[in-house]
Amino acid sequence: MRARALALIIALLMIAPASAQTPPSVPREYEDLYSMMDRNVSAFESRVARSWDGRYSDVQFGAELLVANCNRGRQLLDPRAFEGAKLELTRLQSLGVRAVTVCIGFPLLYRPFFEFNGDPGDDQRFTDFYRNLSGEVHRRNMRLIVESSILFGGVYAQGSGLNLLPYYKTLSSPEIVAGRLEVVRTIVREVRPDYLNLGSEPDTQGKLTGRPDIATPDGFSGMTAHLVEQLRASGVGTTRLGAGIGTWQQDGEAYLQLLCQIGIDFVDLHVYPVNGDMLNRLITYTDQANACGKPVAISEAWLQKQRDSEFARIDAAFDNAIYARDTFSFWSPLDRKFLVSLTRFAHWKHLLYLSPFWSKFFWAYLDYDKAGRLSSQALMTESSRAAAAGLRNGDVTPTGTAYKAAIARH
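Taking mature numbering (1 follows the signal peptide of the UniProt record, and there is no 0), I'd label the letters of the sequence shown as residues -20 to -1, 1 to 390.
Careful, some of the hints might be misleading.
[As the list claims (entries may be wrong)] Distance condition first, Cα-Cα at most 20 Å in a straight line; then the derived SDA-like pairs of lysine to any residue: (1) K317 to V376; (2) K350 to D295; (3) K149 to G98; (4) K350 to G98; (5) K66 to G98; (6) K187 to K350; (7) K384 to S74; (8) K187 to D174; (9) K317 to G101; (10) K317 to R287; (11) K66 to G76.
[Claimed, not checked] Beta-carbon label-pair distances, calculated as ranges: (12) N270 to P59: 29 to 39 Å; (13) I294 to R91: 33 to 43 Å; (14) P7 to I294: 31 to 41 Å; (15) P146 to D33: 16 to 26 Å; (16) P7 to D108: 23 to 33 Å; (17) H206 to P146: 37 to 47 Å; (18) R293 to G215: 17 to 27 Å; (19) T264 to D288: 36 to 46 Å; (20) R169 to S5: 48 to 58 Å; (21) N270 to D99: 15 to 25 Å; (22) R111 to M16: 24 to 34 Å; (23) G374 to N112: 39 to 49 Å; (24) R30 to P59: 20 to 30 Å.
By construction, these hints were calculated from the structure, which means they are not laboratory data. All C-beta atoms, glycine included, are put in the ideal place defined by N, C-alpha and C.
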């Protein structure tokens, strides 16, 4: 779902002008979408306010460490990437963030893939990068959340140097499971995260690999159960293991019923679309997980700007048109309302952690009047450049300021 276009977080050290940060009026072409999302988020906000008793819980409030995202691929092997990650850690800490999320998806760290890719030995270089990053995160007394699912190909892999989609076509479902096991074993042994999410988007995994059998309730839970069993057999140390679904997942209750039986430590939910009853499903799925004895966490969340009518014709797993919309500053009031309501939800439901995904909008947005006619690809690139400049310059958007205030310790 969230392809999260992180292959496009290209040069977080590049120089670019900061964008205007005062949200302008909503452009006519987005007025209907803005109104729909405002209505749905406000309803969720009101429901949380009626139900939460106002007491704070010990939630680890985090954010995605976008500079270190695995979809950047071989860009991470540039020494500037590690320096950029340290800068991003410093800036996130200044907002009060206590945890960071990074993805280390299959086939990263998997030697057979890099032999296929023509870069034998890169698996060790990536392992070194993430081992060193883990040390840096823990040195700062922060928690490290690692997600290990499937890397995105296509538009989201541009500039990554990873030949993913052709590689996936060579693999059977059992070979994917075996490869994923090797990756997560390496993560536990070498990276030693505090939390390891083994996947929260069954539908996305099936689409990316072309293997729908691993995306069914039985297929997804069976694959995850195998990973959990094998990891525990070899030892997980202090790492806690989780898995889950996105709130948009059809038959979500069936997935959770099976996941509750496979020995995970927690359920990890992804929250993006707010269409229809999807925010109410967040509450339903959280209650279901709690009822089977599993605490809940959210390793990815952002307000997805997509109309009901667009779901049938725009698949965000392969098309970045939806995520390109996020870049405009006029969305900031809604982004703030969404994030603040989630922080209150996190306290209400005693989440382990909450980690918003598009943390680059803590540093910069784009001005629609100046960038509104750019292509989706160009918008993603310009947004990354603006965020890089904001990181270096110490800029904070109203969205970043609102998140800082919402997660402040009380």
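Verification of the supplied hints:
Restraint check for K317 and V376: satisfied, since their Cα atoms lie roughly 17 Å apart, inside the 20 Å limit. As the CA atoms of K350 and D295 are separated by approximately 27 Å, the hinted pair breaks the 20 Å bound. Straight-line distance between C-alpha atoms of K149 and G98 comes to about 17 Å, which keeps the hinted pair within the 20 Å bound. Of the supplied pair hints, the one linking K350 and G98 is violated, its CA atoms being roughly 41 Å apart against a limit of 20 Å.
Restraint check for K66 and G98: not satisfied, since their Cα atoms lie roughly 30 Å apart, outside the 20 Å limit. Distance hint between K187 and K350 is unfulfilled; the C-alpha atoms sit about 35 Å from each other, more than 20 Å. For the proposed pair K384 and S74, the alpha carbon gap of about 8 Å is at most 20 Å, so the pair holds. Distance check on the hinted pair: K187 and D174 sit about 29 Å apart at the alpha-carbon level, beyond 20 Å; violated.
For the hint pairing K317 with G101, the CA-to-CA distance comes to about 45 Å; that exceeds 20 Å, so the pair is violated. Between K317 and R287 the CA atoms are separated by roughly 19 Å; this keeps the pair inside 20 Å, and the hint holds. For the proposed pair K66 and G76, the alpha carbon gap of about 15 Å is at most 20 Å, so the pair holds. Take N270 and P59: their Cβ atoms lie about 44 Å apart, and the range 29 to 39 Å is violated.
I294 and R91 have their C-beta atoms about 36 Å apart, which keeps the hinted 33 to 43 Å range intact. The hinted range of 31 to 41 Å is not satisfied by P7 and I294, whose Cβ atoms lie roughly 19 Å apart. Between P146 and D33 the Cβ separation comes to about 53 Å, which falls outside the hinted range of 16 to 26 Å. Between P7 and D108 the CB atoms are about 46 Å apart, so this pair departs from the stated range of 23 to 33 Å.
The hinted range of 37 to 47 Å is not satisfied by H206 and P146, whose Cβ atoms lie roughly 26 Å apart. Judged by the Cβ atoms, the range 17 to 27 Å given for R293 and G215 is violated: they are separated by roughly 47 Å. The given range of 36 to 46 Å is broken by T264 and D288, whose C-beta atoms sit roughly 20 Å from each other. At roughly 53 Å, the beta carbons of R169 and S5 sit within the given window of 48 to 58 Å.
Between N270 and D99, the C-beta spacing of about 44 Å breaks the proposed range 15 to 25 Å. Remark: the range hint 24 to 34 Å for R111 to M16 is contradicted by a beta-carbon distance near 44 Å. A hinted range of 39 to 49 Å is violated for the C-beta pair G374 and N112, which are about 25 Å apart. Checking the proposed 20 to 30 Å range against R30 and P59 shows it is violated: the Cβ atoms sit about 51 Å from each other.
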